[in-house]
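*Asks:* Listed below, chain by chain, are the residues.
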Amino acid sequence: MRKVSIALAGAAIAAMVAGTSALADGHLEKAIDARNAQMTLYSWNLGMLGGMAKGTVEYDAAKASAAASNLAALSAMSSQGLWPEGSDSTAMAGKTRALPEIWSTYPAVAEKGAALKEAAAKLAQVAGNGLDALKGGVGDVGKACGDCHKQFRMPK
Amino acid sequence: MTGPMRRMLLGVAVLGVFGVAAAWSLSAPTRIDAADLPAHTGDPERGAALFAIGGCVSCHAAEGAKDADRLVLSGGRAFKTDFGTFHAPNISPDPEAGIGRWETVDFVNAMKFGTAPDGSHFYPAFPYTSYARMRDEDLLDLWAYLRILPASDRANEPHEIGFPFSVRRAVGFWKLLYLDPAPVLTVGEDLERGRYLVEGPGHCGECHTPRSPIGGPDLSRWLGGGPNPDGEGTIPNLTPAGKTISSWSEAEIAEYLKSGFTPDFDTAGGSMADVVANTARLSDADRLAIARYIKALPPVGPAE
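Sequences listed follow chains A and B, in order. According to the working numbering, the first sequence is numbered sequentially starting from 1. According to the working numbering, the second sequence is numbered sequentially starting from 1.
If you're looking for bench data, these hints aren't it; they were derived computationally from the structure. C-beta atoms are modelled at their ideal positions from N, C-alpha and C, and glycine is treated no differently. One or more hints might be untrue.
[As the list claims (entries may be wrong)] Chain B residues, not near chain A, derived (Cβ > 12 angstroms throughout):
{"hint": "1", "residue": "Thr30"}
{"hint": "2", "residue": "Ala62"}
{"hint": "3", "residue": "Gly84"}
{"hint": "4", "residue": "Glu160"}
{"hint": "5", "residue": "Ile161"}
{"hint": "6", "residue": "Pro298"}
[Said to hold, decoys possible] Under 7 angstroms between C-beta atoms, here's a sample of chain A residues computed to sit facing chain B:
{"hint": "7", "residue": "Ser43"}
{"hint": "8", "residue": "Leu46"}
{"hint": "9", "residue": "Gly47"}
{"hint": "10", "residue": "Gly50"}
{"hint": "11", "residue": "Gly142"}
{"hint": "12", "residue": "Cys145"}
{"hint": "13", "residue": "Gly146"}
{"hint": "14", "residue": "His149"}
{"hint": "15", "residue": "Lys150"}
{"hint": "16", "residue": "Arg153"}
{"hint": "17", "residue": "Met154"}
{"hint": "18", "residue": "Pro155"}
{"hint": "19", "residue": "Lys156"}
With these hints in hand, go ahead and build the complete structure from the sequences.
*Replies:* Okay, structure coming up:
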């Protein structure tokens, strides 16, 4: 009887430790930070291209190509570990706007990611070919961003 | 029974009958006759522009419809609200499943008074509190455009609403409180176009203005943001007291309504992505008019 109690207590402690580490090591927060950083880099590079497209920044073929290549690289990055189960707007309210539908309708979100990758690769090819080519490409990348945000991001 | 007692009971009964009669008449749907319509031939081309600002597609096209399918107003999208689940109806020109049998005046009555051709009330999930501010001529143009869109034979499903909201007649009392075609803000002539687009066909207030416990717009907090009426999250406060867009310039707001890009190159998301797909079709002048009106809004502070 005593042995059973000790075994049970041990199991309970083990479970507690395991549970605590899963909750407290902050790996979900770290993943959210990392993917937010990726989003910031998207908007940083898109900002340069969008400024040129809008005419607030003078068009420069070399700079446009560099920013577009960055976007293409960002969209082609492996997303491993960035979107762990449980890092959604319900489970982590206030920390992320990533809707649970990302996980419940998977792989729908992966299709959106593939569409962005394609649009960004095309933009990288044409961004240095003049302002009109740039404008069209930026619009398509924006549509790909918006398409995913529409379905999978909670309003502010 | 004594004389006074009898007279009192009689009095109560008479009052009761009057009360019921008054309630019945107060809650009666409003409608106009065909003879009340202005002499104006609907112009489908102008109607197409109103269709874009009205955002009919966002609710009445099938979920996820793309390109040409966005013009098939088959309905079917579900809207989960605090009052129950509403299903957007088929408003394509199909004579059976859609509204192909409607007369012009039926459409005007629906848009201005929220009254169905059979004389019943529509639920205000259909934003007629905003559309009521539209000009009759514009409604006739919009109707002319809706008539030439493709038909769909998708059958409607009933709304799923619990008591007491399931009593349609009671919507008449709601309308007494909230259906008012008067403009919300008093503005100068230079802001009139923007006001018309935002307060009327654009129906921005339906999401960006918070609602009372019975679902009416709280005009004292006009465009002050609030809980998302159709899901999680918060809808941004558009006034100068809000945090989201108060730092944006007129040109930046107009750009957002065109490309969906925010000034720091995030993109519109959620139901606003659908809105931008529609506002992208407006003229630059109209987008700028909207932006100007937004910049002129009276500040609405954070909710208590």
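*Asks:* Could you tell me which of the hints above the structure violates, numbers in ascending order?
*Replies:* none
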